[in-house]
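Q: Sequence:
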Amino acid sequence: AIAGLATGCHGELGQELGHGVHFEQVHVSLAPTRETPGAALVSFTSETKANEAGVFYWPAHNTSQVKFSAAERTDYTHHSTKFGKYESAFIYHALMEDIEPGTYIYYQPALRYKHDLDISPSVFGVQIPELASAFGGPSSRGIKLALMGDLGQTNNSVSTMQHLEKDHNIAALLMVGDLSYADNNNTRWDLWSNLFQEQLASLPFMSLPGNHEVETDSKDNISFKPYAARFPMAPNCKDCGGFDHNGWHANLWFSFDIGPAHVIHLNSYQDCDTSSPQYAWLESDLASIDRSTTPWVIVNMHAPFYNSNVMHQNETEMINTRKYWQPLLCKHRVNILFAGHVHAYERIHPTCDNSTIDATNGITYINIGDGGNHEGIYDSWLPGEEAGSEAPVWSAFREGSYGHGVLEIHDERRATWSWHRNQDASWEVRDQIAIENIAYEPHEEEGDGDEPFIADDSGLLAPYDGEVESNYGYAPEEATDRIARGYAVVGLGIMASALLLYS
1 AIAGLATGCH GELGQELGHG VHFEQVHVSL APTRETPGAA LVSFTSETKA
51 NEAGVFYWPA HNTSQVKFSA AERTDYTHHS TKFGKYESAF IYHALMEDIE
101 PGTYIYYQPA LRYKHDLDIS PSVFGVQIPE LASAFGGPSS RGIKLALMGD
151 LGQTNNSVST MQHLEKDHNI AALLMVGDLS YADNNNTRWD LWSNLFQEQL
201 ASLPFMSLPG NHEVETDSKD NISFKPYAAR FPMAPNCKDC GGFDHNGWHA
251 NLWFSFDIGP AHVIHLNSYQ DCDTSSPQYA WLESDLASID RSTTPWVIVN
301 MHAPFYNSNV MHQNETEMIN TRKYWQPLLC KHRVNILFAG HVHAYERIHP
351 TCDNSTIDAT NGITYINIGD GGNHEGIYDS WLPGEEAGSE APVWSAFREG
401 SYGHGVLEIH DERRATWSWH RNQDASWEVR DQIAIENIAY EPHEEEGDGD
451 EPFIADDSGL LAPYDGEVES NYGYAPEEAT DRIARGYAVV GLGIMASALL
501 LYS
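For the sequence shown, the positions run 1 to 503 when the numbering used here is used.
Just so you know, nobody snuck in bad clues.
Taking CB as the label site, the calculated pair distances span: (1) ALA391 x ARG141: 34 to 42 angstroms; (2) GLY384 x ALA70: 56 to 64 angstroms; (3) ARG34 x LYS323: 27 to 35 angstroms; (4) SER389 x ASP271: 33 to 41 angstroms; (5) ARG112 x ASP273: 45 to 53 angstroms; (6) GLY384 x ALA425: 28 to 36 angstroms; (7) ASP273 x ASP167: 35 to 43 angstroms.
Source of the hints: derived by calculation from the structure; they are not laboratory data. These figures come from a predicted structure and were not determined experimentally. Cβ coordinates follow ideal geometry from the N, Cα and C atoms, glycine included.
When you get a sec, could you build the whole thing from the sequences and use the hints?
A: Right under this line is the structure:
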């Protein structure tokens, strides 16, 4: 194990559940619906095949209200020409549906219907987000989301997660693909899930597949099998999908509501054209959003539409998804699109048409494939289209460093995006931008909202007499540059080199 990162929520991995029965690889994800707005999914593995497995859970303020949710069990066999045959442990997924939003709960995985409260190492805790505005919560109540991509399992990966741990009040962690870099060696999935069990068992975790999750089986030609068995994501999401094999269903594209935002996760590595199931679902999902109650729309995927790094240029997935999805996302006025794949950080001005900055229909694109993967950081960049220009006009900020980002939505109209580098102190911000949501469609009696704002160096919100970057809407380039330069705190330090956990 890497020094400095605890393994297990309360102690050692492989927690014991009485009579020598062990489980591991615990993580929790969100599954809110209108009927069950506080629902969450607990996942864990065990070498023991159990018919009564599930999870006990109870609110932290009342240990007498213990409930039990039965788990679905799956397992898989995966073949690789390089690594041979792998047979997974038994993987259990228990959906806790009747949790009150805003509740801190304790939960305990179990392989039988017997509650052993005295076994403290097997008890985990997680904060369930407040009621989303889509389900009746106030749209003025903010939310704080962490985002990262291409994490891997290196010292840099651990540093990224350690920096994230020091951010307070994070409601959920959103990962935009390339989680473990198992690359058909399934034992690396086991290592990754145990390495980050402490974080992923206590912070709701929502993911999507990247190219390193494709992992096509060399025998039956089925793709995404390891990822789909381990991370089914929002199993109660109607009409979501992407994976159905041997009776097991997993959502490789899905959406969920959190705070005042509707978050959409897409799969860049499945069919995306107008005749595809994924496109049909996306079109329907976007059309269903009421922007008066759900002001913010965020889309996450792995392969970016835009990228000024020399790596990953003009790949098929980037070209096709941009061709088919971008007009739809612009039509429905998506605020922000996060992607990974490129192992660097880049923020792109609101745009909807290549290098053209659209004043009324722009999406802010942010590439965060800088989580810590073993392939290294990408720090070579393309010049601008104009002679002598350092960067394309649509690229607002770019840097090859490992790190993570935090999106803090303050209310219906205002949000702050901050990017943190691993080599800086955890509280320092390398890039920060204030975002105004002018796609918000309030009811008539609500008025026009507050004055523009900007986050100052102390992190406090203060009125700003200029313009801020808007979605939809784009501040003049000089104003946006002033914001980016004036409120990005440049830290000092030397980027740590990656130390692989595997050869």
